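Colleague: Residue numbers (numbering that gives the first Met the number 0), protein chains in the order written: chain B, 0 to 246; chain W, 0 to 487.
FYI, nobody ran anything at the bench for these hints, they're computed from the structure.
In this text the structure is predicted, and so the values were computed from the model without any measurement.
Note that the Cβ used here is the ideal one computed from N, Cα and C, for glycine as well.
DSSO-like, lysine-lysine: derived pairs with alpha carbons at most 27 Å apart:
#: 1; chain 1: B; residue 1: K138; chain 2: W; residue 2: K476
#: 2; chain 1: W; residue 1: K464; chain 2: B; residue 2: K150
#: 3; chain 1: W; residue 1: K464; chain 2: B; residue 2: K138
#: 4; chain 1: B; residue 1: K121; chain 2: W; residue 2: K476
Reference listing, derived: stretches of chain W covered by chain B, where coverage requires no fewer than 3 residues with Cβ under 8 Å from a Cβ of chain B:
#: 5; region: 438 to 450
#: 6; region: 453 to 462
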Amino acid sequence: MLDINNLTAKIGDKEILRGVNLTVPDGEIHAIMGPNGAGKSTLSYVLSGREGYEVTGGSATYNGQDLLAMEPEQRAAAGVFLAFQYPVELPGVGNANFIRTALNSIRRARGEAELDAVAFLKLARAAIKNLSMPDDMLKRNVNVGFSGGEKKRNEVLQMALLNPGLAILDETDSGLDIDALKIVADGVNALRSPTFSALVITHYQRLLDHIVPDYVHVLAAGRIVRSGGPELALELEAHGYAGLEAA
Amino acid sequence: MAAVTETLETVDALAAQKYKYGFETNIAMDEFPKGLNENIVKLISAKKNEPEWLLAWRLKAYALWRSMEEPDWARIKHPPIDYENLYYYAAPSGPEPKSLDEVDPELIKMYDKLGIPLNERAALAGVDSPNVAVDAVFDSVSVATTFRETLSKAGVIFCPISEAVREHPDLVKEYLGSVVSIGDNYFSALNSAVFSDGSFVYIPKGVRCPMELSTYFRINARNTGQFERTLIIAAEGASVSYLEGCTAPMRDENQLHAAVVELVALDDAKIKYSTVQNWYPGDAEGKGGIYNFVTKRGNCKGKNSKISWTQVETGSAITWKYPSCILKGDNSVGEFYSVALTHNYQQADTGTKMIHIGKNTTSTIISKGISAGHSNNTYRGLVKILPGASGARNFTQCDSLLIGDQCGAHTVPYIESRNMSAKVEHEATTSKIAEDQLFYCRSRGLSEEDAVGLIVNGFCKDVLKELPMEFAVEAQKLLAVSLEGSVG
Ligand SMILES: Nc1ncnc2c1ncn2[C@@H]1O[C@H](COP(=O)(O)OP(=O)(O)OP(=O)(O)O)[C@@H](O)[C@H]1O
Ligand SMILES: [Mg+2]
Numbered sequence: 000m001l002d003i004n005n006l007t008a009k010i011g012d013k014e015i016l017r018g019v020n021l022t023v024p025d026g027e028i029h030a031i032m033g034p035n036g037a038g039k040s041t042l043s044y045v046l047s048g049r050e051g052y053e054v055t056g057g058s059a060t061y062n063g064q065d066l067l068a069m070e071p072e073q074r075a076a077a078g079v080f081l082a083f084q085y086p087v088e089l090p091g092v093g094n095a096n097f098i099r100t101a102l103n104s105i106r107r108a109r110g111e112a113e114l115d116a117v118a119f120l121k122l123a124r125a126a127i128k129n130l131s132m133p134d135d136m137l138k139r140n141v142n143v144g145f146s147g148g149e150k151k152r153n154e155v156l157q158m159a160l161l162n163p164g165l166a167i168l169d170e171t172d173s174g175l176d177i178d179a180l181k182i183v184a185d186g187v188n189a190l191r192s193p194t195f196s197a198l199v200i201t202h203y204q205r206l207l208d209h210i211v212p213d214y215v216h217v218l219a220a221g222r223i224v225r226s227g228g229p230e231l232a233l234e235l236e237a238h239g240y241a242g243l244e245a246a
Numbered sequence: 000m001a002a003v004t005e006t007l008e009t010v011d012a013l014a015a016q017k018y019k020y021g022f023e024t025n026i027a028m029d030e031f032p033k034g035l036n037e038n039i040v041k042l043i044s045a046k047k048n049e050p051e052w053l054l055a056w057r058l059k060a061y062a063l064w065r066s067m068e069e070p071d072w073a074r075i076k077h078p079p080i081d082y083e084n085l086y087y088y089a090a091p092s093g094p095e096p097k098s099l100d101e102v103d104p105e106l107i108k109m110y111d112k113l114g115i116p117l118n119e120r121a122a123l124a125g126v127d128s129p130n131v132a133v134d135a136v137f138d139s140v141s142v143a144t145t146f147r148e149t150l151s152k153a154g155v156i157f158c159p160i161s162e163a164v165r166e167h168p169d170l171v172k173e174y175l176g177s178v179v180s181i182g183d184n185y186f187s188a189l190n191s192a193v194f195s196d197g198s199f200v201y202i203p204k205g206v207r208c209p210m211e212l213s214t215y216f217r218i219n220a221r222n223t224g225q226f227e228r229t230l231i232i233a234a235e236g237a238s239v240s241y242l243e244g245c246t247a248p249m250r251d252e253n254q255l256h257a258a259v260v261e262l263v264a265l266d267d268a269k270i271k272y273s274t275v276q277n278w279y280p281g282d283a284e285g286k287g288g289i290y291n292f293v294t295k296r297g298n299c300k301g302k303n304s305k306i307s308w309t310q311v312e313t314g315s316a317i318t319w320k321y322p323s324c325i326l327k328g329d330n331s332v333g334e335f336y337s338v339a340l341t342h343n344y345q346q347a348d349t350g351t352k353m354i355h356i357g358k359n360t361t362s363t364i365i366s367k368g369i370s371a372g373h374s375n376n377t378y379r380g381l382v383k384i385l386p387g388a389s390g391a392r393n394f395t396q397c398d399s400l401l402i403g404d405q406c407g408a409h410t411v412p413y414i415e416s417r418n419m420s421a422k423v424e425h426e427a428t429t430s431k432i433a434e435d436q437l438f439y440c441r442s443r444g445l446s447e448e449d450a451v452g453l454i455v456n457g458f459c460k461d462v463l464k465e466l467p468m469e470f471a472v473e474a475q476k477l478l479a480v481s482l483e484g485s486v487g
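Could you put the whole structure together from the sequences, leaning on the hints where they help?
Modeller: Right, dumping it as structure tokens:
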């Protein structure tokens, strides 16, 4: 379970998160919507431990572990995965090598045996096939020269292979064509289990047609200002965020 | 190429380790008295039963060296080297071993520890490098050369240069000093006077060397300079791939290494020369380490010949080294692929010279410099197109990667073109490891050091893929290990 309590954080002198409260029990998928600049990406970075984001108060735990006290790689080992809004290019680093190094780092941290190249490639090829992605995705350098949509799909491929307990997807649907959107949604749905939970950050109701969330939250000006069921997304689609900040 | 890329991608995660070759081996040594004079030169020559002409050659070099000054144009700083406080010859006691059975077991153990199999049967059984012949040079002498019979069946000569002087005097006489003249520079003069051992390779006409050849250099003795001399000749249509590796014990005092390597490629011949240089770099405060002043040059003497240098330089307190190509033959090709990594207080001033003489000669220079800690890393290169080199082409790419803000990266390219039809291209970049790249990797579970290792290896990929497979894997590990403690 992810448990966020009155979390406040700033970048430089600017207060961005102003008291976030959110609980995501295992097995559930929660969507986060909200206007540009509300702090959605900031929340995802704070949860995954990016430098430069100063937590000024509150707490965030996952399965009882204090996330905020952990290094980013320890959070990954604890099962937290962030699909980046803007995936990063790693020139000269092969995608397969990258994902295998990541997977083995996590396995090592958990005291599990590492996967050799052959075993990994088998897994990776299967995942690629499930996600209807081209094989050369594994051979290319991480995100280098990928189209916007390919970068997002690569995030989902990494998620599928690292098999996290908590996935945070930051606008993974932005820039995807209709078929890709469906594939990405299937990728998330395939992970659904009583021990998996997800925070899905999105601007568009159409993603939530495919990944049906248990709850929808609206983050505005650094706070969750409204929560509801899947129907809240439809309402937002119709009326926008006007008036919500005051609520 | 595909296989190599595959290996790069499948290399295992790195075990955290510091300089692991820093141990010392205790065996009885013969040393000549400290300091350098004509007598020492004569003693070295006598110890090796050299012919008159070679002694005369050495003495001429010695006299030249005495008249020269240490060069000061490189971007390196060090206290003056006291040439009178060095030993110029050190070798395991006793007569030279005739076969592996006569080699001191302590030495064989040492090479095992370094991962260099001198025992041919073990090498053949090993999956790591089943197809590599090794010449092992320990301080001043070659202690063992493997697979000589297999090679001699193919007509290939691979032996210590001291032996080549005795067994193949005509070849040695013809080519020794033909690419790097005695007085080429201060360190080549010194080397010519006191060179002790090194490898000699001759690939006869039309022969593709059936296996990779390698020399493994090890400095063990204290206060001893290592001055090896390597000479490789590929006759018409011949080809060979040669690897060189180096390590030394950790010591507080600096040790001098001044080698000369000469390559000669005749018509249609190809020589690929790869180095992984991992001499002891000194400690985190900059104490100790090897002073590596090396002259390497290849002569593409024949038409359509090709010489390719690939180097991964991670060791040494000081690296002063410019593997170069003289492109004399028409259509000849010169290549220089380099990774130079400096950390702590290491200093590297390295690059290449491509001298275009023949028509339609082409050269490629890819240099990747990585600086961390308080180190300084300089690329220094010369592309020279002579008037007769019509149609000459050069492409140069120099990339520098900085880790932290206490280190320096410098690029000093010289271009001299005296032929209007020549095309010379130069590209250079300087970058830092970006915070978002590090965070991306760490959010996937990689430690900060593994993330740096991965990003640096990616940065060097264009060079690493030029290395033979076994070396590529070794080099990748070395890069990551050499950067330990550079972040965080
Ligand atoms: N490095 C930074 N320095 C200064 N301000 C920043 C920085 N990063 C983010 N901000 C500011 O913090 C606020 C929240 O940004 P954040 O990226 O979290 O918004 P978001 O909700 O993800 O928006 P979007 O929907 O556009 O992705 C914005 O006003 C943004 O300009
Ligand atoms: Mg955002």
